Each structure stands twice: as structure tokens, then as C-alpha cells.
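Order-wise, the sequence lines are chains A and B.
Per our numbering, the very first residue in the first sequence carries number 1; after that it's consecutive.
Per our numbering, the very first residue in the second sequence carries number 1; after that it's consecutive.
Think of the hints as simulated: they come from the structure by calculation, not from any bench.
One thing to keep in mind: the hints can contain errors.
As the list claims (entries may be wrong) - Subject to a maximum C-alpha distance of 30 Å in a straight line, what follows is the list of computed BS3-like cross-link-like pairs (lysine-lysine):
(1) B/K238 to B/K111
(2) A/K127 to B/K18
(3) B/K268 to A/K243
(4) B/K108 to B/K152
(5) B/K238 to A/K243
(6) B/K238 to A/K127
(7) B/K108 to B/K18
(8) B/K18 to A/K124
Quantities reported herein were computed from a predicted structural model and do not represent experimental measurements.
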Amino acid sequence: MTTTDTPPKVDVDSVRALSKRRPRSGGLRRAVPPTTLLWVLAALYGLPVLWFVLSSFKPAGDLFSLPLTVLPHDPTLSGYTAAWDSANFSQYFINTTIVCVITTILTVGISCCTGYALAKYDNKWLKVFFLCILATTMLPSEVMLAPEFLVVRNLGLYNSFAGIILPAVLTATGCFMFRQFFLTVPDELIEAARIDGARELSIFLRIMVPISRPIMLTLAILSFQWRWNDYIWPLLMLNDPEKFTVQIGIQSLVGAQNINWSVLLGGSVISMIPLILVFLVFQRYVMNADINAGLKD
Amino acid sequence: MTKRASDVSASPPRRRSKYTLAPLVLITANVVLFSLFFVWPAVIGLVYSFTNYTGVGAFQFVGLDNYQNLFGDSVFYDALARTLLYAVLVVPLNFVLSLLIANLVVSKQAKGASVARVIFFVPWLISPIVVGVLWRWLFGENFGLINYVIEKLGGSAIAWQSNADLSLGVVVMAGAWWGTAFSMLLFIAAIKNVPTSYYEAASLDGAGPWRQFISITLPSIAPTSFIVILLNTINAMKEYPLFLALNNGGPGTSNNLLVQYIYQTGFKTGQIGYASAASFVLMLILMAVAIIQLIANRRMENR
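Next comes chain A alone, as it looks inside the complex (with noise of 0.2 Å):
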């Protein structure tokens, strides 16, 4: 984490272009493939979305309309009116936050706790419980969806919020990511407060809960994302329209005889805007997050 990107580059790129044998200014001819690749690449990845976004201000009538042009010529937000308006889509978006938000507390709230019982006491049964989460892994829920389906509809949780919320508080990479990360945290510090008199569950909670902020808000923006992402899931569980979620809107639109676009693509653009905005918010805690912490070694 010493490299911080932005600033030190320039002194970097000049410090390497002196220290270098090769003493010609070579710092702006050796940047020109790079960066062409880097932003070809870029292009690439980038042009699908803007294209499906100009797309989605174009009025309906103008999306098959030859020539296609890139920009709209008016410029209109009748795609998401229509969407917002037609297919619930307000309802939709409460219900998606409403699970979202709780689900991403719960998991951040349950991962911390086990993450820290599995780095920092040594019994047995806690190695063996490890074993069990990362099990987990392998037997994603898309894999069981019938017994599973049971499981919750014998628990009485069938078409309810809970049945969506409890089956996906669980997670290996939450669990993975507070382990490693409370694996680098000193034992002393546990100690000394362990001397102190302090008692285990309060040097938990006021002591290593504060610090593993960082981890929090990372783990936070991913299961967000994977909870509002989620599809297949919500759509078993839910069968009253007043509750379904966002995805499966969307999906019902896809899935209809004759596909109304515009409603589609203002729909779908409108679905993407939390993530966008959760992300530039909070940029730096996915970017910069050691999301390897929970995955490498």
C-alpha cells in the first residue's frame, strides 16, 4: 500500500528514466503502447454501456430507426417514466433496498464475529467449522435449489423477505476476509487488554470491532452488489408481485412475447444506478481493498 497511484508518479517515471541505462528521453515514447492498449482495452469494456445508456434516451420510436446514431436526436426520458411508471418498478426498487440493506448489515455483523473466532482462538471444532465454510463454496445454493427450496418453505419463510434475507447471510468471503484480516492484528493487543481485566466479548466489541472498519466497509460494497445482482433466488422464494425485487422485473420484461425496448433499456438503466452511485462513493474501499486479504494464501 506505499504506492499510492496518483502523485508520486511523475517523480517515479523520471527517477526510473534517469536510473535506467538507456538514457534517451525514452519516458514518452515507451508510454505511447501501453497506454494505446490500455485504452483501446477501455474502449472496449466502456463502449457497450455507453451505447446501451445514449440507447436508453432515445424515444421508442427511434431505436430502430435507420441510420442508428449514437446520440438521440431528442433526447427523452420516456423509457423511465414508462418503466417506472408501468411495471411497479418503485415498489420493486423498496423491496431490493429493503433486503439489500439488512442483508448486507447481517452478514457484515455475523462474518465479523466468526471471522475473528476463527483468527484468534485455537480449539478443534473451530478449525473443523472453517472447513465447513469453505465448503460452502462449492455447493453454491444455484446448485441445491430445490432442497433448499423445501428447507425454507418448511421453515414457513416461503414468500416472505426472510426467506431471501436468512439463506444468504452466510458467506465464505466475508468469513474469509475478517479472518485474515484479524490474522494480522497482534495478540498482544488482546493480551494486554486480557490483563486488564477486559472480558472476551467486550475486547471484541470494543476493540477489534473499531478496527476492522476497513474491512466492513469492503465487505459491505460486495455483498451489496451480490445481493442486488441477485436473481434466481429471489424468483423461487417470491410469488406475490407486490414483493418482487428489481432483477426479476427486469427479467419479466426480457421474458415477454414481444420485448418493449424502450421500457426494457430505461428499466435496466434506472437498476444500475444504486450500484454506480454505492461505488463512486465508495470507490477507494473496493479499489484499494485488499480484497485479497480474504482470497490469496
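Go by the hints and put chain B onto chain A.
Just chain B now, kept in the frame of chain A:
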């Protein structure tokens, strides 16, 4: 950083196992969730896979019938083959693209990397359903931008939707496009952790950038590569929403993947027992993939 972590955890010779209550309290919630939503479904899934259960009413044990039927079911084979083909195509594509982009983003010579990084990140924020919609919009046979451009350039429209293989190709592109950001993130972190002194030494010895990449970067990030491949393979094997939104597993049923097959047998036709058997075959495949990669990884590290 990781090195320090293992030192810390290893240093006290006898760890206090006198604490049982505190860790127990801390993991309770996850133990409950694990038993409810993992062990229980896994157990009843295994049991049901030997029955003709339909989700309601009584059921009979039918022994290995479900599994035998499964291996005689050409629809299942097609779905399995298609899933494997998808994984074999999308995982390497994702790997190469994300590794390339991670190197470019980290490289000090590429200008504007911090802005480009955000662009690479946007696809990952889009849900698989919307990614499907987006690529469907782009690759529409009659209305899509791609075919329009191809026709403008003098080519003829390509059957992106009605040709099964091309249709799979579009999903592969969409899947790699979507998944790049996360793999890239892991690679960036790994590449930044490689000590710069290695590169300095190598460049003093006259090693070019390619040579440095092959001899320093690749071996140093091997554990991350392993994780990226493993996670992407698992994700590819269970892909469903992307196909659903992009081509609905079509044309026809030609691009139905395993999860869609399980979903349809389990929930559309109500053959819970049969679907559970298919689930267990998929699970065995995922475990096999993980074990093979684990062994390969050990070999690489011991070499």
C-alpha cells in the same frame, strides 16, 4: 503482509484453548445458518435424489434410478457438455483479459490508468440480468449495433441469435466482460505485492518487460491465479441469469446449461428427486474441479 500474518499466528507455541464460551458465542449465528441452509438442504437433497419425490405428498425410494436415468438422458448430457464448453471458453478468456488489464493498470507507463480502472469496473456493477439485456441489445440480429456496423462495412448480418454456437460466443464475451473487474482487482493486489527489487534486479540483468512478466510476475502471483481460475470456474458452471436474459438458453434449448436444467426439472416439471440427483452430479463436478486445481497448485508450489 501475509507472511507477517502467518508468523503472528504461529509464534505462541501453545494457543489458549481454555476459551470455549467466547468463540462459541461468536460463531453461533453462522453455525445456525450453516446447519439450516447448508447441511439440511444437502442432506435432504441427497436423500431425495434416491426418491421420486415431487415436492408434495408421499414418495418412494427408487434406489439409483434417478442417477441411471440421468446418465441416459441426452438433454442432461447436452446441458452438461454445453456448461463445460462455456466454462472452458469463458475462464481462459477472463483470465487473459483481466491479467493483461491488471498489468496495464499497474504499469507506470500507461497514462490515465486510474480513470481507465473505473471504466473496467463498471461492467461488474451491472447485474447478470442487465448484462444479458445489454448484450442482447448490442448483438440483436435485426436491430443490434454490431450487425449494423458489420453491414455498414460491407459485410452481411451475422446470426448472433439463431446460430447456437455464435449465441454461446456472445454469452462468453458478455461473461468475460462482466467478470474481468473482479479478477482484475485480485491481480492488481497480487502484482502490487511483488517486491519491486525483483524487477530492478532483473532489469539490471537486461531482462525485458516480457521476460520480467514471465519470470517474475507470473510465478509470484501463482496463488492468486489459482484462486481466480477456481472462482471463475465455479461461477461459470453455475451460470444461469446471463443466459436467461441474453438468449433464454436458446435458440431452442441448445444453450440450456446445468442450472437451467436443474431449475426446469425441479420447478417446472416438479421432479424434485430427479433434479436433486442432477444437483449432486454438478456438485461432484465442482468438487473435482476444485481438487484437481488444488493438486495442480501444490505441484506448482513444490516445484
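### Query
Do the alpha carbons of B/K238 and A/K243 lie within 30 Å of each other, as the hint requires?
OK: B/K238 and A/K243 at ~25 Å, within 30 Å.
### Task
Measure nothing beyond the straight line between the CA atoms of B/K238 and A/K127; if it is 30 Å or shorter, mark the hint as holding.
holds (28 Å)
### Query
Between A/K127 and B/K18, is the straight-line Cα distance small enough, at 30 Å or below?
Distance ~15 Å between A/K127 and B/K18 Cα, so the pair holds.
### Query
Does the alpha-carbon distance linking B/K108 and B/K18 stay inside the 30 Å limit?
Given pair B/K108, B/K18 is violated - Cα atoms ~51 Å apart, limit 30 Å.
### Query
Quick one, are B/K108 and B/K152 close enough, alpha carbons at most 30 Å?
violated (39 Å)
### Message
Please verify whether B/K238 and B/K111 have alpha carbons no more than 30 Å apart.
### Response
With a Cα-Cα distance of about 37 Å, the restraint between B/K238 and B/K111 is violated, given a limit of 30 Å.
### Message
Checking one constraint from the list: CA of B/K18 to CA of A/K124, max 30 Å. Satisfied?
### Response
Roughly 12 Å between the alpha carbons, so the hint for B/K18 and A/K124 holds.
### Message
Next pair to validate is B/K268 with A/K243; report whether the Cα-Cα distance is within 30 Å.
### Response
Roughly 21 Å between the alpha carbons, so the hint for B/K268 and A/K243 holds.
Checked against the numbered hints above, the structure breaks hints 1, 4, 7 and satisfies the rest.
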